[in-house]
Amino acid sequence: MKGLHIQGLSHSYGDNKVLDNAGLIVPAGELVCMLGPSGCGKSTLLRLAAGLEKVQHGKIIIDDVTVGSADVHLPPEKRHIGLMFQDYALFPHLNVIDNVTFGLLDMAPDKARLLAMDMLTQVGMAAQSDKFPHMLSGGQQQRVALARALAPEPKLLLLDEPFSGLDTNLRETIREETLSVLKNSGVATLMVTHDPEEAMFMADRIKIIGANGHILQAGRPHEIYYHPTHEFVARLFGMMNRFEGVAADGQVETPLGAVATDLADGTPAEVLIRPEGVILGTSDNNQGTTVEVTSSHLMGHDNIVRVRLGNGEGEDLHVRVHHTFEAELKESFSCRLDHEYAFVFPLDAESEYTNTELMDAPTSEEISAAGE
Amino acid sequence: MVELSEDFKLQYEALDSDHQKLVEMVNEISGMLDEGCAEDCKAKVVEFINFTKAHFAREEQLLTKSGYPNVENHSRHHKALDKKMDHLLEFASMVTVNELACDSLKKELVFFVMDDVISSDLDFKSFLENIPS
Numbered sequence: 245m246k247g248l249h250i251q252g253l254s255h256s257y258g259d260n261k262v263l264d265n266a267g268l269i270v271p272a273g274e275l276v277c278m279l280g281p282s283g284c285g286k287s288t289l290l291r292l293a294a295g296l297e298k299v300q301h302g303k304i305i306i307d308d309v310t311v312g313s314a315d316v317h318l319p320p321e322k323r324h325i326g327l328m329f330q331d332y333a334l335f336p337h338l339n340v341i342d343n344v345t346f347g348l349l350d351m352a353p354d355k356a357r358l359l360a361m362d363m364l365t366q367v368g369m370a371a372q373s374d375k376f377p378h379m380l381s382g383g384q385q386q387r388v389a390l391a392r393a394l395a396p397e398p399k400l401l402l403l404d405e406p407f408s409g410l411d412t413n414l415r416e417t418i419r420e421e422t423l424s425v426l427k428n429s430g431v432a433t434l435m436v437t438h439d440p441e442e443a444m445f446m447a448d449r450i451k452i453i454g455a456n457g458h459i460l461q462a463g464r465p466h467e468i469y470y471h472p473t474h475e476f477v478a479r480l481f482g483m484m485n486r487f488e489g490v491a492a493d494g495q496v497e498t499p500l501g502a503v504a505t506d507l508a509d510g511t512p513a514e515v516l517i518r519p520e521g522v523i524l525g526t527s528d529n530n531q532g533t534t535v536e537v538t539s540s541h542l543m544g545h546d547n548i549v550r551v552r553l554g555n556g557e558g559e560d561l562h563v564r565v566h567h568t569f570e571a572e573l574k575e576s577f578s579c580r581l582d583h584e585y586a587f588v589f590p591l592d593a594e595s596e597y598t599n600t601e602l603m604d605a606p607t608s609e610e611i612s613a614a615g616e
Numbered sequence: 003m004v005e006l007s008e009d010f011k012l013q014y015e016a017l018d019s020d021h022q023k024l025v026e027m028v029n030e031i032s033g034m035l036d037e038g039c040a041e042d043c044k045a046k047v048v049e050f051i052n053f054t055k056a057h058f059a060r061e062e063q064l065l066t067k068s069g070y071p072n073v074e075n076h077s078r079h080h081k082a083l084d085k086k087m088d089h090l091l092e093f094a095s096m097v098t099v100n101e102l103a104c105d106s107l108k109k110e111l112v113f114f115v116m117d118d119v120i121s122s123d124l125d126f127k128s129f130l131e132n133i134p135s
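From first to last, the protein sequence lines are chains Z and W.
Numbering of the first sequence is given in this note's numbering, commencing with residue 245 and proceeding in unit increments.
Numbering of the second sequence is given in this note's numbering, commencing with residue 3 and proceeding in unit increments.
The hints are simulated quantities; they were obtained by calculation from the structure and are not laboratory data.
It is possible that some hints are incorrect.
Unchecked claim - Derived contacts from chain Z toward chain W, CB cut-off under 10 Å, selection only: (1) 245; (2) 252; (3) 351; (4) 471; (5) 537.
Note that CB positions come from ideal geometry on N, CA and C, so glycine has one too.
Please model the entire structure based on the sequences and the hints provided.
Have a look at this one:
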C-alpha cells in the first residue's frame, strides 16, 4: 500500500509504557491526525515514524518497505519523509530559497532552484525568496517550512503540532492554506495535535490516543464527534453535562429525559451531553424540564448559559445557544434534550484519565475568562 | 487502488482470502464511482457489508474455537464497526447526487477495510501461527 502503515507499535521509556500496540494506516493523499492529551505518546509515534528513535516492538512500513522494526532501522534521511515541527526549524543563516533547496542536494542546482521556487509559489512565498528567516512573520516561516518539507517530494509528511506557535487568526488561515497545498501534493500526511478543533478541520481520519498510549477510536471527524465510543473521546471536544443512572429497558433516565443505550439492564451508566444538546425553550409551554439561569457568557459566535435544574435547586448545566439569545439572571426556561449530542457509557469503564483538566467542565469563572 | 501487500497478510489462508475479497470489492466500488456508475454502487456496497459481516462471524468462530484469549475484545471491535457500515450505506445512497459523498465513500472504504478490519486483525497474527490453516 502506498503511504504509511504502522503495525503493533509499543514503546517504553524505562518502566513507562508510552505506546501500547498502536496501529494505523495513512494512504497516499490522505491526512490522518493523532489526537490526544499531552504525554499520551503521539509525538513518540511520530518520532518513531521519522526514524528519530528506534522501534522496540512493532513495524513501520512506508510504501511497502519496512523502515523500522526491532531488527530494522533505516535512518531518517533514507526514509523519504518530510518533517515539520511547531518551531519551523528553518536555518537562520540561510535565506528562504536556500532553506528550501537544502533538502535537494542530490539535484542539479538549477533544477533544485526551479523546484524550490515552484514550491514557494505554491505556498505564496516566492516574492520573499531572498529574505532571511528573522525577516519573516511566524506565518511566513511556517509556509517556508512547508515548502521545504514538500520540495523533495517525500512519500510521507510528518507534522508535529505544526500550528501551535501561531496566533488564533493566523492559525486558521495557515492551516487552511496548508491543507490545500497538502491535498494538491498527494502526499500521505500524519499529523499529531492536542487540539481537537485542528484535528477536525484538517483530518480525513482522526485516531484518538488515550493517556495510556492505546488507540481508543478511529474515524472521520463527524464520526468521532457524534458517535464517540468512549467517554474519554466524548470529553476531548470540550465541556460536557453529566448524569449518572442505571440502564433499564434500553435506556438511562436523566432529568432531561431518557437516553437510549444498548447496555444491559442494571448496568450503572453515565450520560454525557454536549452543551449544544440541551435546548432551551419558553417555560410557559409546559414541555421539558424547568431550569433557571444562573449565568450567561458570550463566547463570540455563541453564548454559554449556565442553568440550574429544578427551579434553581438542582444541578447546574451548560447550554450552548446562539449569541443573539439573551437570558436574564434567574429567568426560567423549559429544557429538553437533543439526542444527537447525548452519549451513554458504562460507569465502571476503566478510566483513561490522568489529566483531571479533561474531566471537569469549566467553572463559570473559567468560562468568563475565556470569553473576555 | 488498494493492494493487500505481504505486510497485511495473516498467513492464514481462510482469513487472508476473505481479506483479499474485501479489498477486491473496495477496488470494484471505487472503480464504479470513477467510471460514473454510481447508480449500481449501492447494491455493491450492500454486498460488501454482507460479506464483511459474514467474515466477522467466520473469524470470531475460528478465534473462539482456537482459544484466542482476546476474542471478546475483538468481537466488541467488530460490533463497534456496525455504525461505520451504516455510514458507508448512507454515503452509497447519496453518491448519485452528491460528489462529496462519492469522495467520502471511496476514502472510508479504504480506511475501513485496511485500518479497521485488516490492520486490527494483525493483532492475532502471531496467535494464528500455531493454528493449522
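Going through the hints against the structure:
no. : hint : verdict
1   : 245  : 6 Å, holds
2   : 252  : 6 Å, holds
3   : 351  : 30 Å, violated
4   : 471  : 6 Å, holds
5   : 537  : 36 Å, violated
Of the numbered hints given earlier, the model fails hints 3, 5; all others are met.
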